[in-house]
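*Asks:* Here is how the chains run, residue by residue.
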Amino acid sequence: MKQSQAILVTRHLSKDFRGFRAINAVSLRVVAGTVHALVGPNGAGKTTLFNLLTGFLKPTEGHVVVAGHDVTGHSPERIARLGVARSFQVTSLFPKVTAREHVELALQSGTGLGRIFWRTDRLMRRFSDRAVELLDEVGLARLAERPAESLPYGQKRALELAIALALNPKLLLLDEPTAGMGLEDVDRTTALIARVRAGRTVVMVEHNMSVVGSLADTVTVLQRGEVLVEGPYEEVKAEPRVIEAYLGAHVA
Amino acid sequence: MILTLLDRLNRRRAWLRWGLLAAGLLVAFGLPWTLYPPVATDIVCWGLFAVAFDLLLGHAGLLSFGHAAFWGTSAYGTGLIAIHSGVPFYVAVLGGTAAAAMLALPIGYLAVRRSGIYFAMITLAFAQMVYFVTNQWRDVTGGENGLQGIPRTLPGFDLSNSFVFYYAALPVVLLGLLAAWRIVHSPFGRVLAAARENPARVRALGYPADHYKLVIFVISAFLAGLAGGLYAVNHGFASLQEVYWTTSGKVAMMTILGGIGTLWGSLVGAAAIVRLEDWLATAGFEATGLVTGVIFIAVVLIFRRGIWGTITHLLRARAVAPVPQIEPHLEHDHDELQPTPTN
Ligand SMILES: Nc1ncnc2c1ncn2[C@@H]1O[C@H](COP(=O)(O)OP(=O)(O)OP(=O)(O)O)[C@@H](O)[C@H]1O
Ligand SMILES: [Mg+2]
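Top line first, the protein sequences correspond to chains A and B. When the first sequence is numbered by the numbering used here, its final residue is 252 and no position is left out of the sequence of numbers. When the second sequence is numbered by the numbering used here, its final residue is 595 and no position is left out of the sequence of numbers.
One chain only, chain A, in its complex shape:
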């Protein structure tokens, strides 16, 4: 594989929380155009790794390179503007704002309209049609006018996804996109990710192994902040250390 194919690279990435090493010398290579799953037991450091990749945490050591740019220590907004979108594991929405307005805010972010304070916010209606389209894709069209706080948990997850998609990212980071969803919604979300991965790279943290199996090209298993195994799903699944560390607890 050529180096240029990697859209996301980490080099010896480490993160300490007051002496506790949550991430230890993680070197990842995410190949452009693939779906890369990040799995591991609770507390393995998956979310911490996402926070390091998106600038919400500064690494103690190591580097993060996105599309050839060293973004180590950059602000979240700067990394976002490179075409990196993320969803949050703990749903992170604006409670009083409607689903449609969430997506409109995301659609607006690349346009510079958000800086305009001397004109009416009705200008944001230009994003409405596209917003409703995206909500339809995640199965939320009929809930478009509901404030986020009134949505059931699984629907909040779906809204997270719609927001991330609205940014039309090159690199899509999804932290447990199907957690708390009903079976039907899990299937829809899986199908949706399979559809939107075209022309994108997806890194997803996921506990549901059938979702990982059907989507991921590569699986990285994280344990206690370190990479345990990496490879195609079938190989990783058969790896005894993995079964012991992680799959055993979930699949059995």
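None of these hints come from the bench; they were simulated from the model. Computed from a predicted model, the values in this text were never measured in an experiment. There may be inaccurate statements among the hints.
What the hints assert, rightly or not - Coverage of chain A stretches by chain B, computed from C-beta distances (three or more under 8 Å per stretch; other residues unrestricted): (1) 90-103; (2) 114-125.
Said to hold, decoys possible - So the derived list for chain A, only partly shown, Cβ under 10 Å to chain B, looks like this: (3) 55; (4) 75; (5) 76; (6) 79; (7) 84; (8) 85; (9) 87; (10) 108; (11) 164; (12) 166.
The C-beta atom is built at its ideal place from N, Cα and C for all residues, glycine as well.
Since the structure of chain A is provided, determine the placement of chain B with the ligands on it from the hints.
*Replies:* Same frame as chain A, but now just chain B with the ligands:
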């Protein structure tokens, strides 16, 4: 069907809004007929100041404890320009306001990186520095004596009558209020409101949240400056009181009393406190601060949303009642929406 219902609801709300605006303008234009005119002018100045403060506290979630710096800088700046140049007072006020906004740029730059109590402390520290400089720089500011003899210049008009001056000052205040309203209901205002609720999420969308905060900080200081400049011209002098921390406290009290984040509530809070203080002063009360403080605490404890916030909350609770006509359609989906935990 849903659309027509929503439409009707919106139209009713639009009528309510126009009615409210008409009532507000009526009060604004009638104020000096019912009150001692200088007090009426004080009310609209403090009202604009409190609205500026609410832009920051209610709409950006930033509690400044140093807004006296901007009100006061403009009061002195306006006074100095008016005394030394003899330009129309509008120009002097604009000059003082520009000085306040310019001061807000470095202070805001350093402060918006922090939030909560740290933000309040940084703004307070800078405001105390402004107070110190104003006090020490006697040759220019008059020190403890204040800046005396600020003229109400306007070629072709005699503004020595406070009743007339009120109507000269009111348009400036109304423009300031219009600006505040426009900002809240702009694309910028929407991003700001989102950033207040969830800054991390806004940054993940690619919005530089700190820049947004800095812009609203400077705008808030600008409007506070507009109010402070008018206030100084109204009184004909600027005193150290203008840059003292109690002024920062007083404007916070007005906004909280009126209702944080309600914008117009700040006007009500300002009117209540200015009126009360005036009444206590004329009644010969010494401890006006104590009395207003106690009343403030009582109101805030009983009506947690403030005066305006409580009223609109009650109105909205009523207005929302007919909504169930729309809701059934949505409720229908509810069963399939219930999350079923997996794995
Ligand atoms: N801000 C923080 N301060 C201190 N410790 C933290 C912080 N964030 C995470 N940790 C710790 O780092 C470790 C990794 O946490 P992380 O949330 O990354 O795990 P995870 O793999 O995402 O787990 P889960 O599957 O439960 O989401 C945990 O032990 C956690 O307690
Ligand atoms: Mg996690």
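*Asks:* Against chain B, with CB atoms and a cut of 10 Å, does the hint on residue 164 of chain A hold up?
*Replies:* Since the shortest Cβ distance to chain B is 9 Å, the answer is holds.
*Asks:* A closest beta-carbon separation below 10 Å is what the hint needs, so does residue 76 of chain A meet it against chain B?
*Replies:* At about 4 Å, which falls below the 10 Å cut-off, the nearest Cβ of chain B leaves the hint on residue 76 of chain A intact, so it holds.
*Asks:* Minimum Cβ distance from residue 75 of chain A to chain B below 10 Å?
*Replies:* With a closest approach of 7 Å, the residue 75 of chain A hint holds.
*Asks:* Would the stated hint for residue 166 of chain A survive a check requiring a Cβ distance to chain B of less than 10 Å?
*Replies:* holds (9 Å)
*Asks:* With 10 Å as the cut and Cβ atoms as the points, is residue 79 of chain A at the interface with chain B?
*Replies:* holds (9 Å)
*Asks:* The hint names residue 85 of chain A as touching chain B; please verify it with the least Cβ-Cβ distance against 10 Å.
*Replies:* Holds - the Cβ of residue 85 of chain A comes within 10 Å of chain B, reaching about 7 Å at its closest.
*Asks:* Grab the minimum C-beta distance from residue 87 of chain A to chain B and call the hint holds if it beats 10 Å, violated otherwise.
*Replies:* Interface hint status for residue 87 of chain A: holds (9 Å vs cutoff 10 Å).
*Asks:* Any CB of chain B closer than 10 Å to the CB of residue 55 of chain A?
*Replies:* At 8 Å from the nearest chain B Cβ, residue 55 of chain A passes the 10 Å test, so the hint holds.
*Asks:* Are 3 or more residues of the region 114-125 of chain A near chain B, judged by a Cβ distance of less than 8 Å?
*Replies:* The restraint on the region 114-125 of chain A holds, since 10 of its residues have a Cβ under 8 Å from chain B and three suffice.
*Asks:* Is the interface hint satisfied for residue 108 of chain A? The criterion is a beta-carbon contact with chain B at less than 10 Å.
*Replies:* holds (7 Å)
*Asks:* Taking 8 Å as the C-beta cutoff, is the stated coverage of the region 90-103 of chain A by chain B satisfied by three or more residues?
*Replies:* holds (count 7)
*Asks:* Can residue 84 of chain A be said to touch chain B, with a Cβ gap under 10 Å?
*Replies:* For residue 84 of chain A, the interface hint holds, since the closest Cβ of chain B sits about 9 Å away, which is under 10 Å.
Hint check: no violations occur; every hint is consistent with the structure.
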